[in-house]
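Construct the entire structure; sequences and hints are all you get.
Just so you know, the protein sequences line up as chains B and U, in that order.
Using our numbering, the letters of the first sequence map in sequence onto residues 45 to 146.
Using our numbering, the letters of the second sequence map in sequence onto residues 45 to 146.
Wrong hints could be hidden among the right ones.
A pair holds if it fits inside one copy or across any two, identical chains being indistinguishable in the list.
[Said to hold, decoys possible] Simulated pairs of lysine to any residue, SDA-like, Cα-Cα distance not exceeding 20 Å:
1) Lys107 <-> Ala89
2) Lys55 <-> Ile138
3) Lys110 <-> Arg81
4) Lys75 <-> Ile138
5) Lys119 <-> Ala89
6) Lys119 <-> Ile138
7) Lys75 <-> Lys131
8) Lys110 <-> Ala88
9) Lys107 <-> Pro56
10) Lys75 <-> Lys128
11) Lys75 <-> Glu101
12) Lys55 <-> Glu71
13) Lys75 <-> Pro124
14) Lys107 <-> Ser87
15) Lys55 <-> Arg136
16) Lys131 <-> Glu51
17) Lys110 <-> Pro129
18) Lys107 <-> Ala88
19) Lys131 <-> Leu95
Treat the hints as calculated values from the structure; they're not laboratory data.
Read off the chains here:
There are 2 protein chains.
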Amino acid sequence: MIVTVVEVYVKPQHIDAFVEAVRENHEASVKEQGNMRFDILQSAAEPSQFLLYEAYESEDSSKAHKETPHYQKWKETVGPMMAKPRKGTPYRVICPADRSQW
Amino acid sequence: MIVTVVEVYVKPQHIDAFVEAVRENHEASVKEQGNMRFDILQSAAEPSQFLLYEAYESEDSSKAHKETPHYQKWKETVGPMMAKPRKGTPYRVICPADRSQW
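Quick look at the structure:
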């Protein structure tokens, strides 16, 4: 199991459009084979900062996400909305270790 | 719904002891009323860096976590293992918006 945590910095004037685009990406991503979670969070203190919590069963399924049409569409849509480049960090899962708890 | 993302930096010689302590904290925390998730992740690139994903139904249940005996025990146990102070960031939940999907 692997989780990629992506920090996203959006230009303030694009927050609403970003939320719309990321919701669409969420809805499609959770239907991918091997996806365990795809949570979208917004910083309580800085509404222009978001965090994507992308949990997959394997590195292969995580990589396959970036080949999907919805990822490609999302990437192109939100690209111009970014205040600075997104930062993705891959993590191994310690807990919960049981796949059924995802 | 609120998620606190905690970045943890552990002294390399304490990684194994930290994992043991954080597993115990996880097991007790997921049983708290109002807890939705309490994931423990380890950076794939930097094994001394961890991320705690603490999801609660409300601010009150999130705050109540810090009053529990297991939190207090964990805090005291891991304190000396830290390479630098932990950093916690609170987030609002955008997706999934349905409580049943947590």
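Against the structure, the hints come out as follows:
Only between protomers do Lys107 and Ala89 lie at most 20 Å apart by alpha-carbon distance; the minimum there is 17 Å, versus 31 Å within a single protomer. In the homo-oligomer, the alpha carbons of Lys55 and Ile138 lie at most 20 Å apart only across protomers (18 Å), although the nearest pairing inside one protomer, at 34 Å, exceeds that limit. In this assembly of identical chains, Lys110 and Arg81 lie within 20 Å of each other by CA distance solely inside one copy; the values are 15 Å within and 26 Å between copies. With identical chains, the CA atoms of Lys75 and Ile138 are at most 20 Å apart between copies only, with a shortest distance of 17 Å across copies and 24 Å within one.
For the homomeric pair Lys119 and Ala89, neither the shortest alpha-carbon distance inside one copy (25 Å) nor that between copies (24 Å) is at most 20 Å. Proximity of Lys119 to Ile138 under the C-alpha cut-off of 20 Å is restricted to the inter-copy arrangement: shortest distance 18 Å between copies versus 29 Å within a copy. For a Cα distance limit of 20 Å, the shortest separation of Lys75 from Lys131 qualifies neither inside one copy, at 24 Å, nor across copies, at 32 Å. When the C-alpha separation of Lys110 and Ala88 is checked against a cutoff of 20 Å, the pair qualifies only between copies, where the shortest distance is 19 Å, while the shortest distance within a copy is 28 Å.
Proximity of Lys107 and Pro56 under a CA criterion of 20 Å is satisfied in neither setting, with 30 Å inside one chain copy and 29 Å between copies. Taking the shortest Cα distances, Lys75 and Lys128 never come within 20 Å of each other, neither inside one copy (29 Å) nor across copies (39 Å). For a Cα distance limit of 20 Å, the shortest separation of Lys75 from Glu101 inside one copy, 13 Å, qualifies, whereas the shortest one across copies, 24 Å, does not. In the homo-oligomer, the alpha carbons of Lys55 and Glu71 never lie at most 20 Å apart, since the shortest distance is 23 Å inside one protomer and 39 Å across protomers.
Taking identical chains as interchangeable, the C-alpha atoms of Lys75 and Pro124 are never at most 20 Å apart, the minima being 26 Å within one chain and 42 Å between chains. Within a single copy, Lys107 and Ser87 get their C-alpha atoms only as close as 26 Å, which misses the 20 Å cut-off; across copies the closest is 17 Å, which meets it. Only between protomers do Lys55 and Arg136 lie at most 20 Å apart by alpha-carbon distance; the minimum there is 18 Å, versus 31 Å within a single protomer. When the C-alpha separation of Lys131 and Glu51 is checked against a cutoff of 20 Å, the pair qualifies both within a copy, at 5 Å, and between copies, at 15 Å.
In this assembly of identical chains, the alpha carbons of Lys110 and Pro129 lie at most 20 Å apart only when taken from the same copy (17 Å versus 34 Å across copies). In this assembly of identical chains, Lys107 and Ala88 lie within 20 Å of each other by CA distance solely across copies; the values are 15 Å between and 30 Å within a copy. In this assembly of identical chains, Lys131 and Leu95 lie within 20 Å of each other by CA distance both inside one copy and across copies; the values are 10 Å within and 15 Å between.
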